[in-house]
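Keeping the supplied structure of chain A fixed, place chain B upon it in accordance with the hints.
Quick note, the sequences are listed as chains A and B, same order. Per our numbering: the first sequence = residues 135 to 321. Per our numbering: the second sequence = residues 131 to 267.
Errors might be hidden in some of the hints.
On the chain B side, residues computed to face chain A include the following (Cβ under 10 Å) [claimed, not checked]:
#1 137
#2 142
#3 145
#4 169
#5 173
#6 177
#7 181
#8 187
#9 188
Here chain B is said to cover these stretches of chain A; the calculated rule only asks that three of the stretch's residues, wherever they fall, bring their Cβ under 8 Å from a Cβ of chain B [unchecked claim]:
#10 157 to 171
#11 274 to 286
#12 305 to 312
Hints are computed from structural coordinates only; laboratory data are not their basis. All residues carry an ideal CB built from backbone N, CA and C; glycine is no exception.
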Amino acid sequence: MEPAATATAIMGSSAAETTDFDAVVQLYWPRVFRFALASLRDRDAAEVLTQDCFLHAYKAWEGFRGEASVHTWLMRIAVNLVRDASRNRRLQFWKRLRTGDSEGIGVYARDGRLSPEAETLLREQIAGIWKATASLPERQKSVFLLRFADEMTLLEIAAATGLSENAVKVHLYRALRSVRAHMGRSE
Amino acid sequence: MTSHLSSDQICRWLAGERGYEEQRHLRACPECRTDVEQFQNALAGFRNSLEQSPVPAASYSRTRQSLPRWILATAALAIMLAAPVYWNAHHQGEAKQSMTEQTETDDLLLERVNAGLSRTVPSSMEPLMQLMSKEEK
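Just chain A, same shape as in the assembly (with noise of 0.2 Å):
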């Protein structure tokens, strides 16, 4: 089977009907990572924690019933394992000497259609979600990296999370306008 095809075959099927664990890595990998690294703020951490949630995936790929979709199961799995790092006392240690140290991430592609002016403040609205997100409770940065990093949708993120859909919609209001404070919105 082609890459493309297996990929759609994953996206578009229940885990029970695919075997190719293989694929599942390839495809997922940068999402969960991208997650990671937005939630961890360290590159190094995040692709241990990446590691992680392909491991303990693997050791549950053959009893997992694809209830909810494969890149779901990924995210619940990924999602417990950044609340367990946040709560590891080394890593917060680690966190605070990096304060202020975004780790190469944030780095905004400049878009040639916007002018000068707004390329400056488009860029400065983006940095000031990155420091909002870093500030922001564990459970609203999940749900709001989940929702704008990684696009998912509000019944996705309710099964990744194990939140209810008004619950996730209550912490990403409130992630929201903690961002939207930063950016200098919030009158």
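Coordinates of chain B only, in the frame set by chain A:
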């Protein structure tokens, strides 16, 4: 239109709480629509900035075990059991060879002792005894 959507209303809108009043206002008010679009653009730029970060290659070393653990454990146990057996066999061979050499040496020494005991006179007197026996003949 005198009043615009508040920041809270815009945040609720983007969080998925899409009330009819807000929807109607956004259709009618270009200023609030621009505000929402700018916020959405910033969020899209945030996602774009994350996607610019290089992603390390997927590592299989921890996601896949090259051999099941029970095979590795069995192999280790087999080595542990086989090593003393080989050691004993090797040293038993050496001991046998050493014992054979020792026996040969002992036999040679015993022959010399017997030869010494069977002499009637000391070896230094033997030429004299041979002369005396010739004269008697």
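Under the constraints set out in the numbered hints, which ones does this structure not fulfil?
none
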